[in-house]
Amino acid sequence: MIPLRDLLTRMQSQATGCVGVVLFDTQGGAVTESCGDDVATSPAGVARVMRELVSPRRLLLPDVPRAAAERVPAEAILLADDYTYVCRRVDDPPKHAVAAVCRGTRSLGLVAGLLRDAVVPGDAR
Amino acid sequence: MSALQMHAVPEKGPFERLCALLEMVDEAHAGESGSIVFGGGSKGIILVQSGRICWAASPAIATKLSHRLRNVASDDRQLATVFHECRERGTPFGQALVARGVVTFDALRNALLQHTAETLIHLADEPSPRWMAAPVDQYDRDLTFPSVELLTHAADGWWGPLASEARQQLGEALGDRGAVGLAFLRDAATNDAIVPVGVGGAADLTAKDVLATGRAAAALMSDAEILGGRLITTVCSDGRTSIVWVDRGTYYVAIAAERSEMAFIVAHVTRRSD
Chain A
2 MIPLRDLLTR
12 MQSQATGCVG
22 VVLFDTQGGA
32 VTESCGDDVA
42 TSPAGVARVM
52 RELVSPRRLL
62 LPDVPRAAAE
72 RVPAEAILLA
82 DDYTYVCRRV
92 DDPPKHAVAA
102 VCRGTRSLGL
112 VAGLLRDAVV
122 PGDAR
Chain B
458 MSALQMHAVP
468 EKGPFERLCA
478 LLEMVDEAHA
488 GESGSIVFGG
498 GSKGIILVQS
508 GRICWAASPA
518 IATKLSHRLR
528 NVASDDRQLA
538 TVFHECRERG
548 TPFGQALVAR
558 GVVTFDALRN
568 ALLQHTAETL
578 IHLADEPSPR
588 WMAAPVDQYD
598 RDLTFPSVEL
608 LTHAADGWWG
618 PLASEARQQL
628 GEALGDRGAV
638 GLAFLRDAAT
648 NDAIVPVGVG
658 GAADLTAKDV
668 LATGRAAAAL
678 MSDAEILGGR
688 LITTVCSDGR
698 TSIVWVDRGT
708 YYVAIAAERS
718 EMAFIVAHVT
728 RRSD
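From first to last, the protein sequence lines are chains A and B. Residues 2 to 126 in our numbering are what the first sequence spells out, letter by letter. Residues 458 to 731 in our numbering are what the second sequence spells out, letter by letter.
Some hints here could point you the wrong way.
To be verified - Example chain B residues on the side facing chain A (calculated, C-beta under 8 Å, incomplete):
{"no.": "1", "residue": "502"}
{"no.": "2", "residue": "625"}
{"no.": "3", "residue": "626"}
{"no.": "4", "residue": "628"}
{"no.": "5", "residue": "680"}
{"no.": "6", "residue": "681"}
{"no.": "7", "residue": "683"}
{"no.": "8", "residue": "684"}
{"no.": "9", "residue": "686"}
{"no.": "10", "residue": "688"}
{"no.": "11", "residue": "690"}
{"no.": "12", "residue": "723"}
To be verified - Incomplete in silico selection of chain A near chain B, CB under 8 Å:
{"no.": "13", "residue": "38"}
{"no.": "14", "residue": "91"}
{"no.": "15", "residue": "110"}
If you're looking for bench data, these hints aren't it; they were derived computationally from the structure. Each residue gets a CB set at the ideal place from its N, CA and C atoms; glycine is no exception.
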């Protein structure tokens, strides 16, 4: 994926309301790197919560056989009172995910799209 | 005919005992036909056709189905005649009543649903149910009930107005999209149990599926509490999407095959809470 600082700059240049980004280990939940407003984003708290959301969950999917219903989410979005958290698993570094913390919900689709573009394996930008 | 001893329903509140009974039916006898016998048959029986419950009876239930139908039948005497004939022949009387115009199909189904749900609540208290596999195929499928319909109908008896409001909110959130939706109340009086009160969209879900989804949703929201989370979406790599949100103490779940469904629901929930 692209460097974290570049990701934050890209988010902010598109007026997404993004205030910080956090790269964390999906196994242990430790913060690998973060940048932006640390007070607002509380990287450790973000990593702890978002790690759970991109873990395997048994939320049934109707057209999936019962035995295969457990899936690992590739992306998770959390809407809270003050911030929106958009998180995506990455392959590089392995077993990691990146979360963007934004004010408001208006640019939710844009943030998710930028995150998706930023973590495409082999991204040369 | 084979018999299989099943586990006794553990000690819980009445609604939780009903959940446990229906989950047991779903788990042990999905798609099967036969009967669940209580007290060797003296305490009651549940008849199952292809995994759907078609009849439940208990001598302890004072209101018989015939009493319920008397309130909606066009002719009391004809009702009694059809009952008598069907009992002698050993045939299901529901279809005969509708065929002869004694009751409408909807009135029959509603009466049957109410009767079955009430009987199941009573039977859920009985210990040591036994499963007896047997061919059962004479019932009109539309007059048999999936476990989840019986569960949500029973929940209406306890939490009627709240359940109704939750269903309305779920319907508005789903709109005419293709998503499957579920609504749950939390019952603080019975161990904070998760109570399914609404199922929307075309899905062949069992009570066991719905209860498992509700518990997973509650766990998910609990994880998000530290950040003040009120809505969570998760998207798998193939686009399958789950949305879980909380509104005024009611939990909602929407499950969609494509992520495009998500935007509509998120926008609706966000507008509602702004």
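Each hint tested on the structure:
1. 502: violated (28 Å)
2. 625: Violated: closest Cβ of chain A sits about 22 Å from residue 625 of chain B, beyond 8 Å.
3. 626: violated (16 Å)
4. 628: For residue 628 of chain B, the interface hint is violated, since the closest Cβ of chain A sits about 18 Å away, which is over 8 Å.
5. 680: OK, holds: residue 680 of chain B within 8 Å of chain A, min 4 Å.
6. 681: Check passed: Cβ of residue 681 of chain B comes within 6 Å of chain A, closer than 8 Å.
7. 683: With a minimum Cβ separation of about 6 Å from chain A (threshold 8 Å), the hint on residue 683 of chain B holds.
8. 684: holds (5 Å)
9. 686: holds (5 Å)
10. 688: holds (4 Å)
11. 690: holds (5 Å)
12. 723: holds (7 Å)
13. 38: Because about 15 Å separates residue 38 of chain A from the closest Cβ in chain B, which is outside the 8 Å limit, the hint is violated.
14. 91: violated (13 Å)
15. 110: holds (7 Å)
Checked against the numbered hints listed earlier, the structure breaks hints 1, 2, 3, 4, 13, 14; every other hint is satisfied.
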